[in-house]
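These are the residues of each chain, in order.
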Amino acid sequence: MANNLDNRSLESVNVEKPPVATGGVLGWLRENLFNTWYNALLTFLGLLLIYVSVTGAVGFIIDGLDEEFLPNYQLSIQDQNLVLDFGDIQSRFKVDEVIFTIEHSGASSPIVTTLNNSESSVVLGAFSEQIKISSISAQIKLNGNQYQLVDRVAKQKIDIQVSKPELEVYILGGNIGVEYTVDGEATALRGPSTLLNRDHQVEDFELGNMDENIVLGNVVLNYELETLYQLVESEGQLYLSVEDFQRRFNSTKIFARVDYLLDGQTGSIRENIKIIEGFSSPRLQLGTVGNLSVDHMSLGFNHWEVIPNNLTLLMVGRFPRDQLERVWFSMYLVALLLGLSAGIWPGLVRLLAGVSGAATVILAFLPFAPGVQFWIAGLALVGLGGFALGYFFQLRRLVIWGWVLSFPIIMVLLSGVSNEWPNAEDPVLSLVNTREWGGLLLTFLLAIVGIVLSFPIGILLALGRRSKYPVISVFCVLYIEIIRGVPLITILFMSRILMPLFFPGFQIEEVIRAMVGITMFSAAYMAENVRGGLQSIPSGQFEAGYAVGLKGWQSMFLIVLPQALRAVIPAIVGQFIALFKDTTLVSIIGLLDFLRIAESVANNSNWLGLWYELLAFTALVYWVFTFGMSYVSRRIETSLGVGTR
Amino acid sequence: MAKAEKSDEGIIVCREVNKWFGDFHVLRGISVTVQKGEVIVICGPSGSGKSTFIRTINRLEEHQKGDIIVDGIELSNDLRNIDAIRSEVGMVFQQFNLFPHLTVKDNVTLAPIWVRKQRKSEAEALAMQLLERVGIPEQAEKYPGQLSGGQQQRVAIARALAMQPKIMLFDEPTSALDPEMIKEVLDVMKELAETGMTMLVVTHEMGFAREVADRIIFFDYGQLVEENTPENFFNNPEHDRTKLFLSQILH
Ligand SMILES: Nc1ncnc2c1ncn2[C@@H]1O[C@H](COP(=O)(O)OP(=O)(O)OP(=O)(O)O)[C@@H](O)[C@H]1O
Ligand SMILES: [Mg+2]
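Chains A and B, in that order, are what the protein sequence lines are. First residue of the first sequence: 26, per the working numbering; consecutive thereafter. First residue of the second sequence: 9, per the working numbering; consecutive thereafter.
Derived from the structure by calculation, the hints contain no laboratory data. All values derive from a computational prediction rather than experimental measurement. Check each hint, because a few of them may be wrong.
What the hints assert, rightly or not - So the derived label-pair ranges between C-beta atoms look like this:
#1 L373(A) with K44(B): 27 to 33 Å
#2 P481(A) with G153(B): 26 to 32 Å
#3 G153(B) with P452(A): 55 to 61 Å
#4 G599(A) with L87(B): 44 to 50 Å
#5 L87(B) with Y656(A): 44 to 50 Å
#6 Y76(A) with N85(B): 30 to 36 Å
#7 V79(A) with D186(B): 56 to 62 Å
Said to hold, decoys possible - Over 12 Å on every C-beta distance to chain A, these chain B residues come out as not near it, computed from the model:
#8 R23
#9 D75
#10 I121
#11 Q137
#12 R141
#13 S183
#14 E202
#15 E219
#16 N236
#17 N243
Where is the CB? At the ideal position from N, CA and C, for every residue including glycine.
Whenever a hint applies, use it, and build me the whole structure from the sequences.
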């Protein structure tokens, strides 16, 4: 019987081939890239985007490599932040010498510095913390020839002022590693903004808007022995046993560490300098050049007063102290919204708000800096008031809009509007440079921006990767795979160097660049997480959506995406936690995040070496927040778990 | 050509419908006309293209040759036509395909709210009415995962009905169910047929076919082999292939 069926069916099968679509490359192109007018438009936009980014990047790379272009090699970034990276030149061509001429305004006299560089890059970020650089130009000596380096951002040459090394020597501070010449000897130094002239006279200079007790680093002098000896003689506070030193290092050079304390607006190295070396200091011992190892045992672990004493610094970094209420108002806004939300939505939101509220009340009773308790208590009150309002009035829509708008409002609060409004003496929201943001505030801002923006961008990228339009999917795949192949640090550096290339003429602030970099990075990972979730949803869900008449995007956003996201909550939260901790990397591009501020406190003469206390504190803070995040994620999972298939 | 044509001849008109999956010819010149209010049962051996065929009617699958005209609208690449047809054609799947993240009520109200732009209260009232009709009003606030298979399938029917479709497609609605639940779903379908709904049902439930169907269509190897009244289909099938099929499934 079965045999019979097979035979008959074979007979009756009229073998027909499917209607062939226009084959070949052109057919494919037409079908995939230009089948509708909006697809064609997409294709052109995509190609344009690829063209712009590729030519930008390639131009950068090629210019960097081409010897012909070397004299025009861009090394300077104007205004505040200086990253002078000439790695390509250095690695491919033997650089004999690089001479920078830096002019700055703000201090009493312009600084003219000659740097004899032997490294492949010079980061002069910390200059800007004290001194506004108005221009910088440089000459580079390659194989004996001297080239003028031109500011490619401004596309114009800057007049070079030939410096006279014998005239003056300044020690410039910050996180700088530079070398320069004193009487033919290479001299390396790094440290805070400190000026020593050649006669070892300390020049007082304007430090600008500096907080008390902020120490920005360590000065490490690599002086000629003789010079240092003289210095020791002229400065009563310097303790140094020259013989010991010589014996120890078997060198005519001496390496020492200078820590200094700035008190008040001006810092004077004469008053505060301490050269500490192992054999005379009870607290500290000298390690290698520029590295100081602290004798922790003699310190003990009981210097917890370092935390409350530096709390403001740890929380907001160098945010202007007379503007701190703006930070508080931002927190009040959040507390209010949290309270309102808790009043409206029971369950998880209420729990979260309750825990934050309780923590706030506890904090208000802890002995922190006087005056702050009132602010903290106010926070708890505002939250409570919000809760009552939310509970009785259920202002759902208002609260949702409040959350949406809170971010731009906080950004405006923190960065200011104008120094002129309503009048120049007493502006309401004076401008605060984003470089002044620091500490936990900066860490939060970076993490929140990264999380809030990378989430939707990641979803769009994941959807784009599955798009039936090849232009979109190829773009998304390229984006995701390129970003995932690059370390975050590289992206942060690139955002610093490349953004001015892509957006010439725009001065994009460092913090914003870091935010962009972090968001771009996180979005790529987000996209892959979401894609994993999308793949786990059976196609029947789409079909059911279509079958009831939903459009494609409706099926995606109402049916498939919610399930997909729910499936990958643990992965997404894991990534957000990683992002939160990864914000510490921004210290590498000169931003003073929470951890970096803690480090700077440990370099402060008053609190020198109190690493354990500070690290324990930062670790605790990071842990509290990451644990909070993972706890919330678990709660969300269980509360959503009701309807799992 | 068929676009302008007002189909007095049937609510679904299929003419020489052909479909390929790659080089594999799944549907070979299917021509069927379904009148308003008719209940058509489609049967045939596994892999014969039954599912594929009813899925072409609401464009879950695209056909490559031939015409399909549903309620006077021709299925083409025009998205507006596809949307129009989909909101008039309800479908019930073998695997239910309920939305697991939504409650039963939300499953039913989703499309009316988003596609028909009904107000929420209105959609919910309708949903409760439909859940009543399929016999599970008390499950409205539960999630699909908390229901039995038969209950889930009835929710799926209510969900399709919420769009007030003119045509209902059923693709083996009882095949994934335990035997004791099959009846509750078939009863709902019978009740639906009695109210005059146009229905295309792919099923192996021959009892249902005999009792409810106006016509039975037999598919084999992507071809429409036989189209007959239930009585003739079971008692005197015209084709050998039909006989063979019947002999295999009726024991
Ligand atoms: N997406 C697809 N791609 C390729 N081939 C497919 C696809 N869907 C179905 N087919 C093939 O088309 C043929 C018809 O499938 P279809 O699902 O329509 O059969 P059916 O008659 O519904 O069978 P059953 O009774 O088992 O459900 C089968 O051979 C199947 O393997
Ligand atoms: Mg099937």
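Structure-based check of each hint:
Distance hint check: the CB atoms of L373(A) and K44(B) are about 51 Å apart, inconsistent with the given range 27 to 33 Å. Between P481(A) and G153(B) the Cβ separation comes to about 29 Å, which falls inside the hinted range of 26 to 32 Å. Taking 55 to 61 Å as the suggested C-beta distance range, the pair G153(B) and P452(A) conforms, at roughly 59 Å. Range check, G599(A) to L87(B): about 39 Å between beta-carbon atoms, so the 44 to 50 Å window is missed.
Separated by about 45 Å at the C-beta atoms, L87(B) and Y656(A) satisfy the suggested range of 44 to 50 Å. For the hinted restraint 30 to 36 Å between Y76(A) and N85(B), the CB-CB distance of approximately 31 Å keeps it satisfied. Look at V79(A) against D186(B): about 60 Å separates their beta carbons, and that is inside 56 to 62 Å. Taking the minimum C-beta to C-beta distance to chain A, about 16 Å, the non-interface status of R23(B) holds against the 12 Å cut.
With 12 Å as the threshold on Cβ separation, the claim that D75(B) sits away from chain A holds: the shortest Cβ distance comes to roughly 14 Å. Annotated as non-interface, I121(B) brings its C-beta within 12 Å of a C-beta of chain A; the closest such distance is 10 Å. Here Q137(B) stays apart from chain A, with its beta-carbon at least about 17 Å from theirs, past the 12 Å limit. Every beta carbon of chain A lies more than 12 Å from that of R141(B), the smallest distance being close to 17 Å; the non-interface claim holds.
No beta-carbon of chain A is positioned within 12 Å of the beta-carbon of S183(B); the least distance is around 14 Å. No Cβ of chain A approaches the Cβ of E202(B) within 12 Å, the least distance being about 23 Å, so the stated non-interface status holds. The non-interface label for E219(B) is consistent with chain A: the shortest C-beta to C-beta separation is roughly 26 Å, beyond 12 Å. The claim that N236(B) is not at the interface with chain A holds, since no C-beta of that chain comes within 12 Å of its own (minimum 18 Å).
With a least beta-carbon separation of about 20 Å from chain A, N243(B) lies farther than 12 Å from that chain, consistent with its non-interface assignment.
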